[in-house]
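Participant: Here's the letter readout for the chains.
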Amino acid sequence: MDRPLSHSSFLPPLFSSAPHPLSPPHSVPHPSAAPSVNAAERPARWSPYQDNGGTVVALAGRDYAIVAADTRFSVSFSIPTREFTKITQLTDRVVLASAGMGADRQYLHKMLHTRLAMYRHQHQRDMSLPAAAQMLSNTLYSRRFFPIYAFNVLGGIDSATGEGFVYGYDAIGSHEQLKVVCSGSGQAIVQPVLDQQFSGRQRYSVPDAERAPSLTLEQATALVRDAFASATERDIHTGDALEMWQITAAGVRQTRYELRKD
Amino acid sequence: MLRNQYDTDITTFSPQGRIHQIEYASEAVKQGSAVVGARSGTHAVLACVKRSVSDLASHQRKIFELDTHVGVAVSGIIADARVLSKFMRNECLQHRFAYESAVPVGRLVRHVADYCQRCTQRASKRPFGVGLLVAGVDELGPHLFETCPSGDEYELWAMALGARSQSAKTYLERHLEEVKQAKRDELIRLALAALRETFAAVRDAELTEHNCMVAVVGIEEPFRVYEDAQVAGFLEAIRPAPEPEGGSATGAPSASEERMEDTS
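Residue numbers (our numbering), protein chains in the order written: chain A, 12 to 273; chain B, 2 to 265.
Looking at chain A on its own, in the form it has when it is part of the complex (with noise of 0.2 Å):
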């Protein structure tokens, strides 16, 4: 396939003097660095990338999946909208959440969608949970050298055992297998939370086994509404409503809460 679907175009010139991609466009000066003639004349670079904020979480039970994400869109210290969703459903047992730049967002999730029909067609079923994760995998790393802005976590039911199941992502496409996954701009906040309640890591005095208390559907719900609670108190990039996408064995449920907006 060419046009709009092929990759090539997107590589930039490997052995530029250029900096990466990812830094910052201008230098920021050490503090106690004597200020330089040079300072004022370097130009700040332009930079492909722009950070638009925002937390995403998955987590995963015995039979039940849960992919939640806020609705807040944000450039620095502003907010063009507070109604931008970050989720998208692949398939009736896959949801997938990506925190990170918008406008790479909705490039991804069309790809996916789009590579999700192909593969439709020619297999005449859906792709499994495990199939849809490795294909992310592939599509991010397709992109190693000018990285898709997107980070990512995926959720969903193993159509083969009922089990739930969540993939975390950088944006290169390196992937796990979890049971919960947080990422975004509220990831450092959300992490200790779900750590604490959800994986119960810090109980020293319980064997590993038995660490992790098994959480229903409806207590699973609530732990992520209190998790973006938290990230919404002290993130500002993170707030306004909380989408929340259940998968069950019954489907894909989707509700919404509203959460603070300052």
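Hints are computed from structural coordinates only; laboratory data are not their basis. Each hint should be verified, as a subset may be incorrect.
[Said to hold, decoys possible] Sample of chain A residues at the chain B side, in silico, Cβ under 10 Å:
{"hint": "1", "residue": "Ser-87"}
{"hint": "2", "residue": "Ala-128"}
{"hint": "3", "residue": "His-134"}
[As the list claims (entries may be wrong)] Pulled from the structure, derived: some chain A residues nowhere near chain B, Cβ distances all over 12 Å:
{"hint": "4", "residue": "Arg-126"}
{"hint": "5", "residue": "Gln-133"}
{"hint": "6", "residue": "Gln-135"}
{"hint": "7", "residue": "Ala-233"}
{"hint": "8", "residue": "Arg-236"}
{"hint": "9", "residue": "Ala-261"}
Think of the CB as a built atom: it goes at the ideal place given N, C-alpha and C, for glycine as much as any other residue.
Add chain B to chain A, keeping to what the hints say.
Facilitator: Just chain B now, kept in the frame of chain A:
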């Protein structure tokens, strides 16, 4: 054994202004098993006869879903049909990616017709030996299109391609006004009745749920293919009422007995 001296190359015209290789490609379309298409103001329907090479083999797939709003029934070289279906599926996906909407059916058909035409103007290629009946719905309503190996495309109310399709075409011509006004179930019935006409001349063969496929798309209805048990219901609608002197030529005896009870 050449039929005439101007048919060796796709790039050679005959003195009468014909390109015989393209016409021979159309012959391949006539070899395929029958497919029928019909459309009304609300729906478009495709029906086809599935053929299998032998009793040990599975039936060939003759109807392909291209997108949620459009599908195609094929007649001719099925391998060529698969390539064209893949091309059309890609075109549908490209359009959705670029414009976030369903591709208009006529535009899709134009693309595939141009694709077929390209293979008729190179010495190094051969034409696609397949005719398509494309049924789809867009903003303008339901559509039925036919394409040929030459790259010609036509929009129609009803059409039939393949072996013994002339009987089906005659049936559709006779019932054209009914087709245009038909509701969903009536349209399916007409398409299957037309398809059954292609069996009329064949001994010991009849239209059953195992050798036909039906596909339906409508203004509020995504494209969907019906096979086997799902087709049985449609076939019931075209079972003829029994003759007064005995059972009917087609249909299971038990079904016509039931009918006889109703009428007596």
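Participant: Hint by hint, say whether it matches the structure.
Facilitator: Outcome of the hint check:
no.	hint	verdict
1	Ser-87	violated (29 Å)
2	Ala-128	holds (6 Å)
3	His-134	violated (13 Å)
4	Arg-126	violated (9 Å)
5	Gln-133	violated (9 Å)
6	Gln-135	violated (9 Å)
7	Ala-233	holds (36 Å)
8	Arg-236	holds (32 Å)
9	Ala-261	holds (22 Å)
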